[in-house]
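A.B. asks: Read off the chains here:
Protein chains: 2
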Amino acid sequence: MFENKERTDIAELGEFGLIKHLTDSFKVKHESSIKGIGDDAAVMNFDGKEVLISTDLLLEGIHFDLSYVPLMHLGWKAVQVNLSDIYAMNGMPTQITVSIGLSSKFPLEAVEEIYKGIQLACDKFNIDLIGGDTSSSKQGLVISVTSIGYAEKGTVCYRNGAQEGDLVCVSGDLGGAYVGLQILEREKQIFLENPNVQPDLEGKDYIIERQLKPEGRRDIVDLLEQMKILPTAMIDVSDGLASEVLHICQQSDKGVTLYEEKIPIDPMTYQTARELGLDPTVCALNGGEDYELLFTIKQADYDKLKHDVDISIIGHITEKNSGCKMISKSNVVHELKAQGWNAFKL
Amino acid sequence: MFENKERTDIAELGEFGLIKHLTDSFKVKHESSIKGIGDDAAVMNFDGKEVLISTDLLLEGIHFDLSYVPLMHLGWKAVQVNLSDIYAMNGMPTQITVSIGLSSKFPLEAVEEIYKGIQLACDKFNIDLIGGDTSSSKQGLVISVTSIGYAEKGTVCYRNGAQEGDLVCVSGDLGGAYVGLQILEREKQIFLENPNVQPDLEGKDYIIERQLKPEGRRDIVDLLEQMKILPTAMIDVSDGLASEVLHICQQSDKGVTLYEEKIPIDPMTYQTARELGLDPTVCALNGGEDYELLFTIKQADYDKLKHDVDISIIGHITEKNSGCKMISKSNVVHELKAQGWNAFKL
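Top line first, the protein sequences correspond to chains A and B.
Heads up: the first sequence begins at 1 in the numbering used here, then just goes up one per residue.
Heads up: the second sequence begins at 1 in the numbering used here, then just goes up one per residue.
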């Protein structure tokens, strides 16, 4: 990586020089950002609003593999993953802080790539970078992102508000990011065995993008507002549909019935899962990293979104004693179990 | 570490189980904390206030050495370092998020120690733990803390407000944390050469505590409010007095004259520095990690704090062209240079 390219040693710049170099081209866009980078803390104003905050820690070798994740994509994804948590509260993210720990193997040009991805995400999603921390690291790359946002009072959607009879909705399609990861892992193994073989990703663009370049669903938050729908509960799909549905049921003290045939799976996801010997529905239930929004709405709101092609109604909330289950395409009842990603069992 | 004690494998708990286990005993204390741990994001309210946010990333082998830093102290210090940034804005921290990456060498009991330190700091400084992220790590321990706080409108102190003639003040004493670190490093080397030799820290309690168990100066923020003093500029001493004074001068577009004889140095710091062949003033100027507050006040405020034994007036702000200098005890003029800690030159 970067071996035949220009390499500038970060130590030449020092911490303050590096931060200035990396963040000079970021412009502050929000009135709520009173003071961004350059003091002990950032200063903001959110009068009349609920303030939302979420944080994620991404570690090399655990959350990403630099052998197939381009650094610019990594910067983009680190931001998106975090914004997604704010959207999941029915909020609008407005600021982020980014802390990065870098081992000496990374030249300045590598960090610039990460920040290019961060800036692309900030520009596209209208986010101010207002602070952070930069340091060397003994081993590997560490990225910590905190996002700050707001919601009008009374519009925050928690996980615990689902009521019996509510419809369970999900945006976009599921399982793609997981199947995309399997393709990247397969090609990495082939490359490790024979470095002369070029990776074969032809025709897999969509699922590779789902894995490497996800987008938080800001558009869904906007759409719900336009439709005047306030979800009764909402969560983003980071660990897999099953895990997220169970969070809503547990915190709302309810049960759920999902219908397998209603779970949205893109044809490329479906076909590639089959090629790899995987069950597409299992990929959707347990794959994770889709960053779609899963939410519950009152039945009275059904007419408002029934024609929206980007939102699927996949089930309904039941009383707690009915349990959490999925009716398969062949009409068999399965109990839903969270087998999502466990960061401590790798 | 922990070899003869109980060891519980973290993987048994899983991520959600671990977070619940570690954070169950944390109680939410602030009205501004509407929703803490347990949803996609935390929810807060700061109507009528300025919102402050600051973040730090602490990496094993860079920011701390577990061969002499007890885990409980590490948890405490990770919080304090971050709160200090909010105090440096003349603000009150109210919430933190904590993200931790753990390699498999850490059993549950080790993480519990870190959280004990975090909880002690939260309890003593009246802070709500409202979120975070927990993950395994391939290499070493990673801690990322973000603190959130507030200030009444018009009371935030930036680095850029110092005016010519303002007095330069610093709380507490300086250089102790650095000299304490030198003692810990010396004893580590002796131990590595002969593991049978017990560390000799006798009579060094104060400076060891300055290094391992620093406290952010909330009391100074309270005191300034009681005295009705609004500093014209403020910063916390994390990288060393010289570096911090230069930040204020650079951002305020001013010069400064400091007097060596006025720089507060504790007798134990002074004596130990001498024993180690170090210049105590250089330790104060370039040592860092003291987490004292450095601030400038109008001359008109002098009478209000001239008798406070915990605040030293160490110089005054000059016009920019006079430069940034220190008058030594022997009346020699030295140019101030930031030789503070560079996280990229280790």
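Keep in mind that the hints were calculated from the coordinates and are not lab data.
Any given hint might turn out to be false.
Since the list gives no way to pick out one identical chain from another, each pair is judged satisfied if it fits inside one copy or across any two copies.
[Unchecked claim] Pairs of lysine-lysine, DSS-like flavour, derived with a Cα cap of 25 Å:
1. 124 <-> 138
2. 20 <-> 320
3. 138 <-> 325
4. 329 <-> 116
5. 228 <-> 213
6. 29 <-> 153
7. 262 <-> 325
8. 320 <-> 35
9. 325 <-> 27
10. 138 <-> 105
11. 325 <-> 298
12. 153 <-> 27
13. 105 <-> 27
14. 337 <-> 27
15. 20 <-> 337
16. 298 <-> 138
17. 35 <-> 213
18. 213 <-> 29
19. 124 <-> 27
20. 138 <-> 213
21. 298 <-> 35
A.B. asks: Are there hints from earlier that the structure breaks, and if so, what are their numbers?
C.D. replies: 1, 3, 4, 5, 9, 13, 14, 16 and 17
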